[in-house]
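Take the sequences, apply the hints, and build the full model.
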Amino acid sequence: MDTVQHTTSLRDRQLALEEESLTLGIDRYQKEHGRQDEADTGPGRRLINDSIPPLAEAIDTFVAEARNGKPGKKHTSVRWAEKFPSAELAYITVRHCLNAISNRDTRVQAVAETIAATIEDSINYSRFREVSPGLYKHLQGVLKKSTSQRHSRNVMEAATRRVELEQFGFSGNDGIHFGMKMVELFIESTGFAVLFNDSSHGRERERILLRGTQQVLDWLENAHDAAAHFSPIRMPMLVPPNPWVSSKGGGYLTDAGGLVSLVRTRNKSYLRELGNVDMPAVYQSINAIQSTAWKVNTSVLTVMRDAWDAGGGIAGLPCRDLIELPGLPSFDMDTYKVEQPEEFKAWKRKRADIYEENARSTSQRVSAAQKIALAARFAPEEAIYFPHSLDFRGRVYPVPGTLNPQGDDQAKALLTFAKGKPLGSSGARWLAIHVANLFGVDKVPFAERIQWVNDHQEQILDSALQPLDGQRFWTEADSPWSALAACFEWAGYVMTGTEFVSHLPIALDGSCNGLQNFSAMLRDPVGGKATNLIPQEKPADIYTQVMKVAAERIKKEAEAGDPMAARWDDLLTRDIVKRPVMTLPYGVTKAGMRGQLMEKMGNARDKGAHEEASYLAGVLWDAIGQVVIAARVAMDWLKSSAKVAAKGDMPVSWTTPAGFPVLQEYRESLGTRVETHIGGRSVRITTSVEGTKLDSRRQALGISPNFIHSCDAAHLMLTVCTALENGIADFAMIHDSYGTHAADTDVLAASLRAAFNEQYSREVLTDFRNELAAQLPAEVAIELPELPPNGNLDLSLVEQSLYFFA
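Position one of the sequence shown corresponds to residue 13 (my numbering), numbered consecutively onward.
In short, the hints are calculated from the structure, not lab data. Take these hints with a grain of salt, some might be off.
[Said to hold, decoys possible] Once the Cα atoms are required to be at most 27 Å apart in a straight line, the calculated DSS-like pairs of lysine-lysine come out as:
1) Lys362 to Lys612
2) Lys550 to Lys602
3) Lys560 to Lys541
4) Lys567 to Lys612
5) Lys541 to Lys590
6) Lys602 to Lys655
7) Lys705 to Lys655
8) Lys590 to Lys651
9) Lys541 to Lys567
10) Lys567 to Lys602
11) Lys612 to Lys156
12) Lys360 to Lys612
13) Lys590 to Lys156
14) Lys280 to Lys260
15) Lys612 to Lys455
16) Lys156 to Lys357
17) Lys280 to Lys149
18) Lys705 to Lys651
19) Lys659 to Lys705
20) Lys560 to Lys550
21) Lys602 to Lys590
22) Lys362 to Lys149
23) Lys590 to Lys612
24) Lys455 to Lys550
Right under this line is the structure:
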């Protein structure tokens with residue numbers, strides 16, 4: 013078995029690496045600040061938050077006083093100020109004034125014109141939303157991914173013209189007068205800016221500039237400096253992380269760039285209390301996960317780097333360069349538009365689609381380049397480590413971003429265990445199953461998966477020996493880069509046999525894990541069978557079951573003459589159904605399902621798409637309820653309990669089966685809500701801080717996903733503890749996907765089943781209710797709803813279920 017050595021020099025290098033992460037973070041922050049509008053930075057948003065209330069009040073006062081004043085320009089501005097919510101006017105004004113004062117060379121007239129233009133846009137886009145809500149919602153969803161305000165604005169303007177909407181615009185100089193009045197009120201109410209007469213170009217070319225006061229400029233400089241020092245680029249470690257023994261002090265060796273806490277939360281009192289809680293299973297599990305030694309999979313890195321250098325665009329790797337826009341027509345544009353209108357529309361549509369794709373893929377290109385560069389940097393290291401922390405539900409996450417074991421397909425494929433273990437016959441079997449799973453052959457019995465690998469061994473070996481010059485069979489996999497890593501491993505086994513020393517994590521995935529947890533806690537035999545909690549000859553597939561129930565109803569309604577059902581008849585697929593089913597236990601609503609379906613359909617520009625998605629969302633909602641009745645019952649019970657707790661003005665807190673204390677505490681936001689449009693995109697903000705009163709709506713909506721996440725987090729922790737007791741030392745854990753060495757997979761499989769059975773041998777909903785009742789006043793606790801009844805599922809059978817996690 014491979015071993016990993018640690019020396020004093022490695023520790024010194026780690027200390028230097030943590031200092032470097034701080035320096036790199038400062039550089040990155042400064043570069044991003046240079047590209048951003050001041051209003052979009054952290055300090056800028058704080059100034060906006062502080063400025064809106066006094067400016068909104070000044071606008072209201074101006075309107076009230078002006079109603080009794082003399083007519084003139086003043087009253088021209090009043091007429092417009094009366095038409096808009098003062099908070100929206102304040103937000104637009106503050107945003108543009110703040111961007112101007114950070115620039116230090118912006119004419120006040122230009123600021124006023126920009127304010128007026130933004131208000132015109134917001135009015136037109138709001139009208140568009142009223143006339144065509146489905147198209148508006150779709151476009152806003154698309155534009156969230158756009159990086160260009162100019163492009164977003166062009167898209168929205170084109171859409172408003174398409175629906176033949178009459179455009180609003182200020183008359184004459186009304187817009188400039190109105191904008192100037194808003195700037196004047198901004199200066200008076202905040203004291204953040206002054207008007208400056210710039211005669212540096214001669215008196216004839218004198219300009220009036222809007223400039224920030226020295227006080228506000230100094231504040232911004234200091235705030236950005238502080239923010240830069242708390243924005244480190246967290247990287248993997250060269251030595252094992254400090255173990256967690258309290259709520260602070262684990263992970264990195266130093267606090268360069270800010271201390272990492274055990275739980276990611278802004279609630280400092282909760283963190284302090286957490287340090288006094290006895291939770292050995294929590295500490296044992298997170299320390300075992302972050303003590304796992306990893307290394308870069310250099311075989312995958314070589315292929316990925318070669319593919320990237322060749323231009324990308326393979327196996328999910330984005331194209332390295334932007335897609336070229338269609339060229340301009342060789343003849344006059346106006347003639348083209350009139351004489352060939354259909355070709356002209358198609359040309360414009362193609363240009364717009366490519367522009368949107370280029371905008372969306374920008375972050376993907378940056379991410380791919382960063383992963384490759386980071387992997388190349390750490391490739392020479394014998395071992396690297398990933399410090400971990402928890403969210404407030406107890407879910408475990410690696411602290412470093414970009415490259416980590418919980419990353420996307422590319423990131424996971426670039427990492428492998430530093431220590432290796434000989435496969436053995438059991439490990440070879442699990443490696444074959446893992447290969448099949450990655451190619452999407454995961455809904456058949458294990459024997460068929462293994463046979464599939466044997467039947468495709470020639471293509472698998474070709475992928476390993478000639479990944480880019482051969483048949484590229486690996487690129488057809490569901491997770492192509494992880495599949496390539498598995499092909500390399502399989503080739504090693506074929507050449508060496510069961511003595512092959514394997515480093516690849518073998519993943520065991522839950523079957524719609526949220527519903528597995530709900531079915532277990534209510535002993536639901538129907539949901540239990542649908543999610544593989546009981547032994548079966550072949551794996552159950554809940555997505556296919558829901559699809560069949562939905563398809564049967566659709567066919568009946570189509571035959572009865574329902575035109576909407578007729579559109580979906582014979583078109584429903586497992587892929588369409590999967591996401592709505594998967595997200596149900598995490599609180600998705602019918603409206604949320606509709607949005608998922610519209611995104612999946614990809615044709616939401618069509619007027620009928622919204623209605624089609626709404627119809628199917630309703631059908632799927634009912635079909636899911638027929639297949640997993642208990643899950644819906646449990647979710648409704650949790651929501652009702654959260655509402656009772658909110659009535660008593662009490663947050664909801666509970667202790668997970670792993671001993672982790674969860675606190676769900678959503679407070680109402682105090683202040684003014686603003687909704688407007690900036691650069692074609694919808695903007696919704698609340699101008700204040702969190703209040704003291706509980707937000708009963710958010711408490712109710714959050715309880716189901718948070719409770720079920722805390723349950724799957726507890727299962728992960730208890731699994732690690734059980735596996736440790738049985739000799740496993742290396743872990744690749746991702747919420748509902750547990751991994752270790754192929755040789756140890758039998759032990760991990762048994763451990764996770766035993767942990768699940770143990771977790772739900774207790775009445776977790778009863779424990780939750782008892783904890784909640786103990787925190788509430790007696791007169792409120794009595795209103796807690798009665799627990800839903802349990803079914804007759806024999807949960808001990810999960811230990812015999814091959815496909816529970818597979």
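Numbered hints the structure breaks, given as an ascending list: 2 and 17
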